[in-house]
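**Q** Protein chains in written order, with our numbering: chain Z, 1 to 431; chain G, 1 to 131.
Just so you know, not all the hints are guaranteed correct.
[What the hints assert, rightly or not] Sample of chain G residues with no beta-carbon within 10 Å of chain Z, all distances over it, derived:
1) Met-1
2) Gly-98
3) Pro-125
[As the list claims (entries may be wrong)] Which stretches of chain Z does chain G cover? Using the computed rule of at least three CB atoms under 8 Å from a CB of chain G, they are:
4) 120-128
5) 142-149
6) 399-412
[Said to hold, decoys possible] Derived Cβ-Cβ restraints for the label pairs, each shown as a range:
7) Ser-76(G) x Ile-257(Z): 39 to 45 Å
8) Glu-37(G) x Glu-343(Z): 52 to 58 Å
9) Asp-54(G) x Ser-357(Z): 18 to 24 Å
It should be emphasised that the hints constitute simulated quantities derived from the structure, not laboratory data.
Glycine included, each C-beta is placed from N, C-alpha and C at the ideal position.
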Amino acid sequence: MTKPWDTASEHLLRELAPQVLGAVTRRFRDFASAEDAVQEAMIAAFTHWQGEGVPENPRGWLIQVACRRMTDQLRSAIARRERETAVAREAETMAPTIDLESDMDPDDTLILLFMCCHPALTSSSAIALTLRAVGGLTTAEIANAFLVPEATMAQRISRAKQSIKASAIPFHLPSPPERAERLPAVLHVLYLIFSEGYAASIGPQLQRLDLAGEAIRLTRGMKNLLPDDPEVAGLLALMLLTHARRRARTGADEELIPLDKQNRTLWDRAEISEGIELLTGALAKGAVGLYQLQAAIAAVHDEAARAADTDWRQILALYELLKRVSPGPMVMLNHAIAAAMVEGPAKGVELLRALDSDSRLAGHYRLDAVRAHFLEMLGDYENAIKHYRIAAARTTSIPERNYLMTQAARLAESGKSYSDPRATARSAERP
Amino acid sequence: MKYMLMMNTMRTGRGVPEWPKKDLQAHIAFMIALNQELHERGELVSAEGLSFPDQARLVRAGKDGTPMTDGVFPESKEFLAGFWIIDVESPERAYVIGARISAAPGPGGSPLNIPIEVRPVMSGPPPEMLQ
Numbered sequence: 001m002t003k004p005w006d007t008a009s010e011h012l013l014r015e016l017a018p019q020v021l022g023a024v025t026r027r028f029r030d031f032a033s034a035e036d037a038v039q040e041a042m043i044a045a046f047t048h049w050q051g052e053g054v055p056e057n058p059r060g061w062l063i064q065v066a067c068r069r070m071t072d073q074l075r076s077a078i079a080r081r082e083r084e085t086a087v088a089r090e091a092e093t094m095a096p097t098i099d100l101e102s103d104m105d106p107d108d109t110l111i112l113l114f115m116c117c118h119p120a121l122t123s124s125s126a127i128a129l130t131l132r133a134v135g136g137l138t139t140a141e142i143a144n145a146f147l148v149p150e151a152t153m154a155q156r157i158s159r160a161k162q163s164i165k166a167s168a169i170p171f172h173l174p175s176p177p178e179r180a181e182r183l184p185a186v187l188h189v190l191y192l193i194f195s196e197g198y199a200a201s202i203g204p205q206l207q208r209l210d211l212a213g214e215a216i217r218l219t220r221g222m223k224n225l226l227p228d229d230p231e232v233a234g235l236l237a238l239m240l241l242t243h244a245r246r247r248a249r250t251g252a253d254e255e256l257i258p259l260d261k262q263n264r265t266l267w268d269r270a271e272i273s274e275g276i277e278l279l280t281g282a283l284a285k286g287a288v289g290l291y292q293l294q295a296a297i298a299a300v301h302d303e304a305a306r307a308a309d310t311d312w313r314q315i316l317a318l319y320e321l322l323k324r325v326s327p328g329p330m331v332m333l334n335h336a337i338a339a340a341m342v343e344g345p346a347k348g349v350e351l352l353r354a355l356d357s358d359s360r361l362a363g364h365y366r367l368d369a370v371r372a373h374f375l376e377m378l379g380d381y382e383n384a385i386k387h388y389r390i391a392a393a394r395t396t397s398i399p400e401r402n403y404l405m406t407q408a409a410r411l412a413e414s415g416k417s418y419s420d421p422r423a424t425a426r427s428a429e430r431p
Numbered sequence: 001m002k003y004m005l006m007m008n009t010m011r012t013g014r015g016v017p018e019w020p021k022k023d024l025q026a027h028i029a030f031m032i033a034l035n036q037e038l039h040e041r042g043e044l045v046s047a048e049g050l051s052f053p054d055q056a057r058l059v060r061a062g063k064d065g066t067p068m069t070d071g072v073f074p075e076s077k078e079f080l081a082g083f084w085i086i087d088v089e090s091p092e093r094a095y096v097i098g099a100r101i102s103a104a105p106g107p108g109g110s111p112l113n114i115p116i117e118v119r120p121v122m123s124g125p126p127p128e129m130l131q
């Protein structure tokens with residue numbers, strides 16, 4: 001008995017990937033080879049199931065195919081060794097055909113996440129391996145998402161697996177204290193996959209994998225496995241509350257539309273409600289962290305029907321908390337924006353002055369972009385234009401550069417440049 | 001983050017085609033090994049060598065947009081010999097690779113130390129979030 005192939009089958013296949021990988025890894029005690037075998041089984045399933053329908057026991061089908069690949073591999077490795085050493089060996093190391101489904105462990109997906117997001121890996125390797133081993137994506141799909149050749153991505157994945165092997169990372173769930181220590185690294189990788197979904201969206205859009213959607217799927221899976229962790233819920237909420245705005249974020253010509261100019265009716269209400277619900281549940285647990293705070297800030301923006309209705313006082317208070325939890329340069333910069341919205345642009349300029357000496361922000365375009373914005377609010381158009389242009393020259397994002405150049409051009413053409421005596425007078429009034 | 005590494009070669013002095021065979025082979029082997037290493041590290045997006053400048057043509061739109069080609073440009077002192085596009089973790093890593101290319105063996109096996117221009121490849125919009 002088979003079922004016809006549809007989009008749900010593709011989802012099912014991807015959901016099964018980490019479970020099958022867990023079972024095969026546990027059986028053969030070789031993660032790197034098992035991961036290759038499961039990838040082959042996934043590709044085989046993708047082709048066979050589309051033609052012949054989805055088997056009654058898809059998990060069993062995948063495990064069987066993957067195990068056959070593993071056994072074939074072992075057999076040829078043994079044959080090679082026999083040829084080399086001319087010593088006959090018994091084939092007893094061969095895996096007996098047992099019911100591998102009993103090897104399944106509901107924690108497998110979680111084990112794999114901790115393994116693939118291990119701090120011993122570089123973030124690009126961790127991202128690639130997580131998408132393949134946990135996300136069930138093919139190397140070609142991942143390569144396509146990052147706009148690199150498939151062979152390059154294959155090497156990145158293979159190196160990641162070598163690092164896991166070299167670091168002797170065991171295939172079991174880390175102990176609770178170790179898990180608490182390593183959870184931030186896992187969440188960070190999921191976060192990077194999500195933000196890559198935005199940053200990589202240059203180049204041919206068609207047929208590109210939706211990385212932001214994939215990050216949400218993986219984080220949702222993680223939330224199901226760790227339902228009581230407030231930061232996992234916070235990250236999922238942050239993703240949903242940000243993803244909700246995606247349709248309003250760019251215009252017809254792919255130009256960036258800043259938050260205060262977005263058409264808020266385009267925001268996805270369902271994602272906002274889900275995000276807020278998740279966040280409310282997480283905050284009630286009383287262990288506030290980085291992601292919950294960022295999600296709370298995103299929620300305040302999402303709850304404002306118009307930009308003018310934004311509760312900047314609440315956002316400022318949240319940034320004050322975030323500064324204590326995570327005093328990174330971007331947090332400090334965003335804190336300055338919130339402060340300027342509450343106390344006026346002069347306050348913002350004053351706070352930026354303090355950030356000028358922060359080496360982590362030196363030469364970063366956002367510092368100039370924010371300063372340009374404050375200067376414009378103060379009526380100092382000459383310097384605003386100057387800083388918009390500096391920021392445009394420093395950003396490495398094409399839509400951002402276009403946006404910043406357009407801001408400078410708009411100000412320069414509006415007649416509000418330094419030659420306008422009224423503008424100069426205004427800027428002189430407000431230091 | 002992707003970077004383009006551009007190798008500009010001086011037009012003056014002894015050109016690569018005039019190098020002794022041994023030095024030429026060492027240079028070619030170096031480039032092949034470097035590309036292989038970048039590939040194995042999962043960092044290579046593409047690498048292309050360009051023709052010698054005598055094959056270069058300057059094209060401008062003429063009347064009705066028809067292409068008007070011009071020969072080589074004797075006034076330029078250096079020309080782009082080839083480029084790499086790499087996808088690496090940090091700008092520092094891009095500079096390390098740039099320095100490796102710069103030190104490619106030249107005549108007598110000594111490092112060429114040619115300047116390598118390293119430029120970030122522009123990406124899509126940045127995320128709205130903080131980290």
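**Q** Please go over all the hints and tell whether each is borne out by the structure.
**A** Hint-by-hint comparison with the structure:
no. : hint                               : verdict
1   : Met-1                              : violated, 7 Å
2   : Gly-98                             : holds, 17 Å
3   : Pro-125                            : violated, 4 Å
4   : 120-128                            : holds (count 5)
5   : 142-149                            : holds (count 4)
6   : 399-412                            : holds (count 3)
7   : Ser-76(G) x Ile-257(Z): 39 to 45 Å : holds, 42 Å
8   : Glu-37(G) x Glu-343(Z): 52 to 58 Å : holds, 54 Å
9   : Asp-54(G) x Ser-357(Z): 18 to 24 Å : violated, 53 Å
Hints 1, 3, 9, counting from the list given before, are not met by this structure.
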